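These protein sequence lines are chains G and H, in that order. Under this note's numbering, the first residue of the first sequence is numbered 1, with each subsequent residue one higher. Under this note's numbering, the first residue of the second sequence is numbered 10001, with each subsequent residue one higher.
Just so you know, the hints here were simulated from the structure itself, not pulled from any lab data. Remember, it's a predicted structure, so these values are computed and weren't measured experimentally. One or more hints might be untrue.
Dumping the calculated DSS-like pairs for lysine-lysine here, alpha-carbon to alpha-carbon at most 25 Å [as the list claims (entries may be wrong)]: (1) H/Lys10487 / H/Lys10428; (2) H/Lys10487 / H/Lys10196; (3) H/Lys10927 / G/Lys283; (4) H/Lys10428 / G/Lys283; (5) H/Lys10196 / H/Lys10212; (6) H/Lys10428 / H/Lys10379; (7) H/Lys11105 / H/Lys11121; (8) H/Lys10212 / H/Lys10561; (9) H/Lys10379 / G/Lys301.
Letter by letter, the chains look like this.
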Amino acid sequence: MTQSLTRVVISLLLVGCCRLSLGADTENDLELREGDRVVLLGGTIIEREQQFGHWETFLMLAHANQSITYRNLGWSGDTVWGESRGLFEPHLGYQRLIEHVSAANPTVVLVAYGSNEAFAGEEGLDEFVTQYAKLLNDLAAEGRRFILLSPQHLELNRVPHDPDAPADFVEHFNRDVDQYAEAIVALAADRGHGHIDLRSEQEKSIKQGGTPLTFNGLTLTDAGYLQTGRWLASHFSPSSNFDKVDVNTPAVSQLREAIIAKNELFFHRWRPQNFTYLYSFRKHEQGNNAVEIPQFDPLIKQAEQEIARLAQEVD
Amino acid sequence: MTRHLLITVGLLCCLSSLAHAQRDLKDIPPPDPELERETFILPEGFEVNLFAADPQIAKPIQMNFDPQGRLWIVSSHTYPQILPGDKANDRVLILEDADGDGVSDSTTVFADGLLIPTGVEPGDGGAYVAASTELLHLKDTDGDGKADTRRIVLSGFGTEDTHHILHTFRWGPEQLLYMKQSIYIHSHIETPWGVKRLNAGGTWRFRPETWKLNVFDRGLVNSWGLDFDDYGTTFATDGAGGEGINYVVPGASFLTAFGAARIMHGLNPGSPKHCGLEIVNGRHLPDDWQGNLLTNDFRGHRVCRFVLTEDGSGFYSQEQQEVIKSDHVAFRPIDIKMGPDGAIYIADWYNPIIQHGEVDFRDPRRDHTHGRIWRVTYKDNPLVERPQLVDMSDDELVAQLASPERWTRQQTKRLLKERGPDVLTTVKKWARNLDNSAPGYHQRRLEALRVYQAHDVVEAELLESLLTCIDHNARAAATRVIGDWHKRLDDPLALLTPRATDEHPRVRLEAVRALAEIRDPHAIEIAMRALDPDVPPLSAFMTPEERQINKPGEKPVQVDKWLDYALWLTCRDLQPVWQPALLAGEIDFGGNTQHLTYVLKSAGSPETVAVLTGLLSEGRVSEEQRRDVLDVITEHGGPSELHELLELTTSIEDVGPQANILESLLRAHRRRKVVPSGDHRPLDQLLTSENTGLRGLAMRCVGAWHVARLWPEVKAVVENQKTAERERGDAVQAVASYGGDEAVGLLRRLASEGEDIALRQRAIRSLLPLDTNAAIDETLSVMQQTDDVEGLTPLFADVLKQKPAIERLTATLAEQTIPADVAVVALRSVRSSGQQLPELTSALQQAGGVTSGPKQLSPAEMESMIDDVLANGDPASGESIYRRAELNCIKCHAIGGAGGKVGPDMVSLGATAQLDYLINALLDPNKQVKENYHTQIVVTNEGQTVSGILVRESDSDVLLRDAEGREISVPRDTIDERAQGVSLMPAGLTDKLTRAEMIDLVAFLKALGRLPEYTVSQTPMVRQWQVLQPTEEAAFRLRRVGDHLAAGDDPAFQWQPMYGRVDGALPLSQLPTLSVGDREVSFVRVEVTSDQSGVATDLSLSHTKGLTGWWNGEPLTLSEKVPIVLESGINWLTLAVSAEGHANELKITLDATTPEVRFAP
């Protein structure tokens, strides 16, 4: 334990060092710019954010008066191998991951992998790092920036008691998470990508007896998305105090609802139900119905105009 | 047309119902529920009333009751697909019948704003709801009856098809949440314990409070039915598979399971598709309905009933008269549940259109607004007083665990679970004080154990008493619990050891599956004891009083298909545990070779193959296991194991086993290119065998392994024109695989010379990959010369396996002519290959001067044809057209299990399909293809194209079924390319029909499962017959020895399957006849299976005129009711049909009171 604590401390120091030593570069990477298209990529934590909308809301607040759009490409259970995206062709999951991102044409990709992979423990670490680097290479494009988000710990007192699980299950897994998180820090530093690690805020909040962030140690509650959204935004705008933002004011809550509505439309656009008939091996039967899917595009555009309008009102 | 005149008049009455079913094409029936109800036919003594209907509810998809007796429903307006611009606003509804008059009097919208919710189960202060990618828990915290909190419990369920998404929720007997998904779904769920993935169909088992999520079973096409009987034995139905009731062994894989090497089958092959499943019981229902399985044939507008009887470690299932039968096109029963009053509730999705794969998403006939809940009651028994469970004290509630109604016991356990673990004290006291002489004592104690399971609290004492009780069902149930609790039990292996050799095979089966949970190398040793037939004295594990009332087991336990599957599965599951232990010498199965062999052959891994080969060489493998063992060595053996196998041929005398070995070796070479090490000396001896078959195999080994020493021998056989055709054929194959210039030269000569056409074709087929151009030139010459047009099929099939050959043939055909018949056969082969080859097709059509292919009717033509079918279609004439050999319908399609397995079973086709769909399917089979019936086209790394319907995919192989119904296994690592092909159903079938015939055929298909005389009867009857083929040799031997020879097992006789008509009658005039002396006689035989020896029953024959019979080879006096006594296993009824008998039709049925006896499916 002491050893891993030390490691956490070192990694925290490392983050600090990077930010100091790499100076402007890294700072810039943790800054969204006018006209950016941000893709959020990862597993359940990203997928569910589209319904809570807190992260996107706070990112908008952190970049007031800037025209930035967001595309959520989270897919539960996903990994740097694109394991959740293969559908009928498990071997094509990775290729589809790359295609999903390319189709969204982002200038910034916020990548949140590592949590599912960490279940493979120390044994799986090298493979993970190699694959993560490959993913970043394959996603690289002219002018595209990356921000890597480290996985969070299982929230100690929120993991349900399972009489069959080993007593040290959570501690053990969190030690693995540390290794994966540190590897991601190193990868970001090495490649000059931006990096956000929420573990320290998470630990601090738990120690201070703050509101629990998760249902079961793993998946975030509404309060969890709200809190992590604040932390996330503060990395982009360290001078702002997001704790003071009242999300229940009509202006903010309308903005968030508009974001959620847009996300729903976009979900129907990129991951529609009935894939089998619309695009896959039964498209010769009902593939004609796929003409409806691009009809979401103008609706998304309209929703984004509404978001921009509401964002102005928050200011 | 004249021939129809009389029939047409007679048909007018059935046409009215044809017209009725047709209305949905253009006219939607009026939605008045009373009009619908009037069409319902129920068994004597039952009645049906409307519990709820639109506008209060619409489109119910699943329903479940809560402990208050309220009915929860999920309903979707949005299905099948959200329209851009629409807001998903699907709902969860609660129906309440407050005054208990059997009619819902209030409907509450518990939740809305959902996207196609497909499952609902009330519990934990709200309800669990399946909502697209998520499992939600919705809760009403302020008591206004509407959900105000919405929690995502799990996410990442696939949505690749909106009638496959997460569905069929049910609390299991232990109050875990069971949920299903179907074939097209791929789910990836993050839990605190890791990511759980399930590709394709299966059942999830979930404990909400700990997020423990596991896969309980895998496969089935679209299974919307799951239930547990009083003891937790598990059953499922399939909404797109056709095997009726499925008995679910924990962990089993069924049809279409992803990556399954072996699967289980349902209990009623040839059934229509079923949706929903409820095992009914209670005081309101008559005695003979207790424990019946009710499900819905939503296509055929029927609510069906099945009766199960125990059959070894599994069950026998027999369908009964329907609960409801209707011809109302919009009656779509899809869910069925017992209610708090002991009545049966049926959710009617109400829609003339089902499915969205074959009918357009936006088809205007699709109903989005109606829906009904029907309630079926039995007139002679009073209703059950609805229990007021929620208000009961713990003591009162726990006492309800003894209720005769499973509904009440289930809801009681739900409440006891939600009241928290403190109730366990009360439960314990109650279980202790039960009257141990009362009937159902053990079953009640089991319910107490379920409450402990619900709270995940181990209760070892109660568990152990159930494990050794007298009720085998309770023992089986308790045995399954060990699998769940093993980590917290002191010595789970010690508890399971006696259960693995229990006197009841189903307890053994559960023990074998529970052992798979225990990652201890000794678990497999214990599991294998279930193979031993002896039953230890019961006294070893019985309480004294039980010892008195129960005698020690007398009859040995047989390993039947279910137990065998369970054993195989456990071998596979535990392989990572036992294999290293076995190789390290830590386990030895106590020296029991049978156990060891079983484990090794089940595992089928390269690491164990050396041990297996050793056992075989030492002669320690039993006869029954020999074939499986050879298969494993074939699949995994290296050169030295194959060498040992070859050497083995020198030490055995029998030709059969020797041939088996050579076949295995050739297969190993074909699949994996492995050659036995050494100099292959045993071949020298085998080449001189007196048996031509064995010599042929030996020659093929010489070719495949390139044995230069023996090449001259093979050459000599090929060149000797006096050699018999079959042996020369083998030699040609040997030459081809030997290869090299000399071999190619030899083949070229054989392909072109004035040889007989059959041998030329053999040579051409072998030459195809070696010298494609020469082979195709000869192909063309054979096509132009042959008299045996049908005989060209194997040659065409080989040509179609190779791209260069296809291209060359296409080019060669230009400016050539071929006989029209040859072109027809060739075009049929193209279709059967599942490939789309437009150039070759048009070249063949041109050269043969034929046209063929898909046709499209204009809307006016379609309308005229539909009118013609309605006015003039004659289903009886259509059935005889259907049965014509040249149309090949029966070869590919079964009706109620009788017929080929290549295409879908058509048992209830007429009840589902609209006329325009049927006509299009005949004219252009590729327009709409049924789920699971697209071809897969696979190109191997040797450039071979193999195609067929995908039967199953395992980690190592892809198993396809070709147009001939053959199963072809292609090793995965030899596959270069895979693509989805077209339907195997040939287009242009209808070219052979006149318009009048086409119309009759459509009328027949439309009658299937809809008109009573075209509905497969539930009476057990012979549907598959075997017919003696009229060969010269058979006629000769019958003349020499006598008719009774046909009732024996003479290998010179060839039997082919033949199927009766839908009504079960076999038109004897269609039998092939043999000339025996001056008589024209036919022979048919029928397979009758029995699970036990000595069962006596009656066979009913529709007539006996001109028939002579034998039973298991002995003469049988025929009468309309023939008493027979069966041996265990397969029995044969053989009949000789004289000229006088040929004029009749024959139907044979079985007395249904003996479920252990049945005909071949």
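> Keeping to a limit of 25 Å between CA atoms, is the pair of lysine 10196 of chain H and lysine 10212 of chain H held or broken?
Replying inline: holds, 10 Å
> Can the restraint linking lysine 10428 of chain H and lysine 283 of chain G be considered satisfied, given a maximum Cα separation of 25 Å?
Replying inline: violated, 58 Å
> Does lysine 10212 of chain H pair with lysine 10561 of chain H here, judged by a C-alpha cut-off of 25 Å?
Replying inline: violated, 31 Å
>> Run the distance test for lysine 10428 of chain H versus lysine 10379 of chain H: straight-line Cα separation, threshold 25 Å.
In response: violated, 39 Å
> Going straight from one Cα to the other, do lysine 10379 of chain H and lysine 301 of chain G come out at no more than 25 Å?
Replying inline: Given that 25 Å is the threshold and the Cα spacing comes to 62 Å, the pair is violated.
>> Can you confirm whether the C-alpha distance between lysine 10927 of chain H and lysine 283 of chain G stays at or below 25 Å?
In response: With a Cα-Cα distance of about 11 Å, the restraint between lysine 10927 of chain H and lysine 283 of chain G holds, given a limit of 25 Å.
> Given the proposed pairing of lysine 10487 of chain H with lysine 10196 of chain H, does the C-alpha separation stay at or below 25 Å?
Replying inline: This hinted pair holds, its Cα atoms lying about 21 Å apart.
> Is the straight-line distance between the alpha-carbon of lysine 11105 of chain H and that of lysine 11121 of chain H 25 Å or less?
Replying inline: holds, 14 Å
> Is it true that the CA of lysine 10487 of chain H sits at most 25 Å from the CA of lysine 10428 of chain H?
Replying inline: holds, 22 Å
Going down the numbered hints, you'll see the structure goes against 4, 6, 8, 9, while the others check out.
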